[in-house]
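Since the structure of chain A is already known, use the hints to place chains B, C and D with the ligands on it.
Chains as they are written, first to last, in numbering that gives the first Met the number 0: chain A, 0 to 333; chain B, 0 to 333; chain C, 0 to 324; chain D, 0 to 324.
Check the hints yourself; a few may be wrong.
Okay, the calculated bits of chain C under chain D, using three or more residues with CB under 8 Å as the criterion [to be verified]:
hint, stretch
1, 143-150
2, 160-170
3, 184-191
4, 196-206
Here are the simulated lysine to aspartate or glutamate pairs, EDC-like style, with alpha carbons at most 20 Å apart [stated by the list, open to error]:
hint, chain 1, residue 1, chain 2, residue 2
5, D, Lys251, B, Glu51
6, D, Lys251, B, Asp47
7, B, Lys181, B, Asp204
8, A, Lys181, A, Glu227
9, C, Lys227, D, Asp310
Source of the hints: derived by calculation from the structure; they are not laboratory data.
Ideal Cβ placement from N, Cα and C applies to all residues, glycine included.
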Amino acid sequence: MSDRELTYLHAFTEGLRQMMEADPDVFVAGEDVGRTGGVFHSFDGLVDDFGERRMVDTPISEQAIIGLGIGAAVVGLRPVVDLMFMDFVLVAMDQIANQAAKLKYMFGGNASLPLTITTMGGAGLSAGAQHSQSLEAMLCHVPGLKVVMPSTPHDLKGLLVASVRDDNPCVVVLHKRLLGSKGVVPEDVYEVPIGSAAVTRAGSDVTVVAYSRMAAEAMAAADALAAEGISCEVIDLRSVLPLDIDTVLVSARKTNRVVVVHEAVRSGGVGAELAAQIQDHAFDYLDAPVARVGAPFAPVPFSPALESAYVPDSAVIAAQIRETLYRPMPGERR
Amino acid sequence: MSDRELTYLHAFTEGLRQMMEADPDVFVAGEDVGRTGGVFHSFDGLVDDFGERRMVDTPISEQAIIGLGIGAAVVGLRPVVDLMFMDFVLVAMDQIANQAAKLKYMFGGNASLPLTITTMGGAGLSAGAQHSQSLEAMLCHVPGLKVVMPSTPHDLKGLLVASVRDDNPCVVVLHKRLLGSKGVVPEDVYEVPIGSAAVTRAGSDVTVVAYSRMAAEAMAAADALAAEGISCEVIDLRSVLPLDIDTVLVSARKTNRVVVVHEAVRSGGVGAELAAQIQDHAFDYLDAPVARVGAPFAPVPFSPALESAYVPDSAVIAAQIRETLYRPMPGERR
Amino acid sequence: MRPDPQIITELHERMVRIRFFEEAAGRLFEATKIPGFVHLYVGQEAVAAGVCVALRDDDQISSTHRGHGHLVARGGDLERMMAELMGKATGYCQGKGGSMHICDLELNMLGANGIVGGGVPIAVGAGFANRYRGNDTVSVVFFGDGSTNIGAFHEAANMAAALQLPVLFVCENNEYAEYTARDRTMAIDDVVERAAAYGMPGRVVDGMDAVAVYESTGAALDSIRAGKGPVFLECKTYRYFNHHGIQTLGMKYRSDDEVAEWRERDAITALEAAMVADGVATAADIQATRAAVTAEIDTAIQFAEASPLPDPDRLLDDVYSVARS
Amino acid sequence: MRPDPQIITELHERMVRIRFFEEAAGRLFEATKIPGFVHLYVGQEAVAAGVCVALRDDDQISSTHRGHGHLVARGGDLERMMAELMGKATGYCQGKGGSMHICDLELNMLGANGIVGGGVPIAVGAGFANRYRGNDTVSVVFFGDGSTNIGAFHEAANMAAALQLPVLFVCENNEYAEYTARDRTMAIDDVVERAAAYGMPGRVVDGMDAVAVYESTGAALDSIRAGKGPVFLECKTYRYFNHHGIQTLGMKYRSDDEVAEWRERDAITALEAAMVADGVATAADIQATRAAVTAEIDTAIQFAEASPLPDPDRLLDDVYSVARS
Ligand SMILES: Cc1ncc(C[n+]2csc(CCOP(=O)(O)OP(=O)(O)O)c2C)c(N)n1
Ligand SMILES: Cc1ncc(C[n+]2csc(CCOP(=O)(O)OP(=O)(O)O)c2C)c(N)n1
Ligand SMILES: [Mg+2]
Ligand SMILES: [Mg+2]
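Only chain A is shown next, with the shape it has when bound in the complex (with noise of 0.2 Å):
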């Protein structure tokens, strides 16, 4: 049936099953991912179905997890190699973008890479500052990677299959609390291409342009503004690294209104990236500058009343959208 539904989690158990089923070459790497099935239990079953050789539980060495994989990707294995949380980036980050990213091009070519990083990303858990982050704008600045952030359980499977076919290194990021979300999932083998947005909501007066759990959030607003007569066009980028500009671009020629969110910290981010080059593309197009909604200055906090005004919402984008459509409601958050 086309129109069975899974959860954001069993979308990527799904699609990694199938992964491994089609390629013996493919295996998974990681802390607590093979008996355990993950902490997040996304990977659940598969040891049973695969057997410890294919799913590797390791030892606590973010570096060594992500030498791994890049060892065995450029002798010709397939890796998908997991950092539990999107924040141990931090650990591994000379493996990621100094030798992954880079090692195709300081041999002239002679090399491919096709490996996978699996992480955690987003706040919303009460995690703390160490256990919450939207690291991606590090990754998007480092050529060589690929980055993908899907919203929904559709699109988290065709974008791990692109990932895992794909001969770069690429960083396949899930957020914590999409993890039980639900929606229709085709049970066969298919791509999401990277680098290819999805216009989720068509609209005239502006475009919201957003990604991961955000994208929801963002469409939320949307539904709400449209009560007021407000009509958004919604972008679900998808993928992060690379960007799909044009789609962005197509929509803010149209609507002559741009507001990007994300959840990660707004300074910096890949909001900044976006906004930056739809200015450069769009420049006579824009009736307003293109506005920017992220997480403030500041490491996400443990409470959940400081960590609920830390992350962005529906209400918070909803705001934005008026203000940029210049109909601000005086005293409103930001």
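Structure of chains B, C and D with the ligands alone, referenced to chain A:
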């Protein structure tokens, strides 16, 4: 004599020596900073004056070097720790971004971290992809840090002094190709405030914003364009976190055109944040899109033939300025 | 010969305080009154108590994701601790840190840490500062068996040994890293075998015996204060609860029998028996202690529950220090 | 009993090729014909030659910033090597990598590395792939004494031991990391003492004796191919030149006498003496080898100098693979 000249290298050493003389809690730790005086000689002679107790040679352990600084700072010393090349920031990123930057916030303010990290960035010496990077954009996305990138001996000494005296983790990024450059440096101790840019050339047609070595290239471009009757206002940011956006905006509102320049990869660089803020806060003043000049989306190549094409220079900057002034020169390199 | 009765009583009281605090934290977590993660210390009390009772006030301690026990053992304020776990404004970190970032710099407790191994280089930095200042203060760092597989631990341990810094490395070997048994992540019998790689003296202690931990710590501190460089102490211990949260039985990564065997060697029960046997305390004294601690913790819970949540207007405070030297 | 004469001759020829290649690279660097940095291998030839002669073609090797010797010993193309050092389009990396990133995947040489310790986890990954494929190929990783102080080395060594991977760890202990003597950065006598921390068998070899290195490597490979897990080989050696570039005497971080003492134990001179003594070769044969290698290198230099610089239009090529499975 107030017009005494020093090299960029010696301005650094002098500033550091004066800080060590002024405050017995200031010490330096890093690889070969002691007996050898640093591989770039930036610490030359300090071990003779202050001994190995305060000029500490460490093992090759970037994570532990930063951690040494964090731990010493949190109990009240004022450490200066050195990462030989800025590329090694990626090796120590957890200690820098997960630990140093967040410590005060995670502790609810009950701590201060008077830590200075010194490092050497930039390309142009055929040092290859892992010894030539400009990674400031990654640091600028991390709340809790301050990042300075001076372009002159005067600003280097003043910003080093301000950083060592600052109670927050500050990263002082030198540029290896500026080490021999000379300039007037007062002999007494002085500060250049962190987060304050300098208008280094007044002009009326276009604002050129740059920092580190690109500030000099921007000035050279401005000189060349003056002959063509183009009047450039040049701003040397000096600090990239925090950004002195006010100084940039005042100039942008005056010239109505802005070109932002840095040596780092253009995509996702500091220029993106600047462009996003400028178009946001000076939207009605801009007669052209904010343009960005930076390195293309590739690792730094080794061969001088490629590296010189990779690193922006005054010619590329001038070409972009002409284009931003709607005076493109056909067939010019971008 | 056994230590003075006051020491024994101290060890006992601190262990009981840790045990009851953690059991309460676990209950409050399951009742969703504590958000996020809690990595409970129950089972390992003899280590934190044994080490901390042997310390001087000026010695520093650094902790891990499993850090409540260390702060309690150090004399942490239970009210501010409980309030922090609940994310209240009256907590140690005003609700900004939570369980994994609890700290008390006035007690020279340099903080828990959410990054495995992340606190070890920082602790070595504190040790460096002690040596730099020429005092004989020791920096003590607690870390798990699993954390010795991460690079930051290695770099910091070697740095401490190479520079001969006053640092005491306390490895709490509970034989698991999350759900993975230690023998699957390192090919050595005892973690202490790693000390030799740094030229550091190492010793194994029964981490279920608070007196043994106290005595070994004392010996190690003497050697470190004498300027002989860092020491590595491996404490063999066990966590009764799950890696995070409470659930303890019916886990597939370790057998219920194994848990039961360790519980039979419970450090608190054992010490209480010894106290009575040695006439250090009567059953009544022990009951009194338990009752007093229970009261303390009830007060702490009431304080925490009655405390306000942090004001969102304080969200952006504390990112930077404004004061400067 | 000594290995076959062909082996001895192989060892000798490869050492001479490394020595002459590096001396030429040093001269060209000082003549500014080679840009950037060159970390020369002169003095350590017995290690690369001894190890590589013992390898099978399918075994992988991974290298460091001081990587020329390893690729030469592996049979690298001198013309493409010299061209790469000069940043020419005909180089191994088309001028994009340079000295610190030279590699030849066809020879299973997985690359030099500019990050100290950065190549070790990658080598362990190759070892994992060998085990995964069920073959008995071994991944050999060269690294310096100083690199054993960095976290990536520790994590990778432990990973290899924990997963019992077919990896040979070859530590080239030349007693210095840049300008810092080893005893100032680690409190152990021999680097091999670190092997025990991973439960890895370790052995010390005279790194100035190519035959000894060859034999110990062979023994280690047998054990690894038999599935007994990784082995750690510490080769005591010395670099004659400066950390980078040539200048060798008058450095304040080590005495000229020390350099002279090591040079007296020169691996090439010693092997040549033994070859003549054992009748493996005549002085004339040795001269012939040296002359032949000199000619090879002259040809390589001419090739490199005559080669074009890379076309700036290729600047953005090779960042990504376009082909996909
Ligand atoms: C760098 C990093 N990797 C992984 C984790 C996830 N994690 C948290 S605790 C833990 C296990 C730690 O084991 P151990 O050091 O033995 O301490 P224990 O939990 O047994 O007290 C892991 C893997 C982390 N917090 N940081
Ligand atoms: C992560 C990192 N830190 C520092 C450096 C600078 N560096 C290059 S080589 C070197 C010394 C390495 O010593 P060793 O491992 O003994 O190798 P050797 O040079 O003696 O062959 C250092 C510190 C680097 N390249 N990478
Ligand atoms: Mg453990
Ligand atoms: Mg060395």
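For this session: If any of the earlier hints don't hold here, list their numbers in rising order.
Result: Result: hints 7, 8, 9 break, sorted rising.
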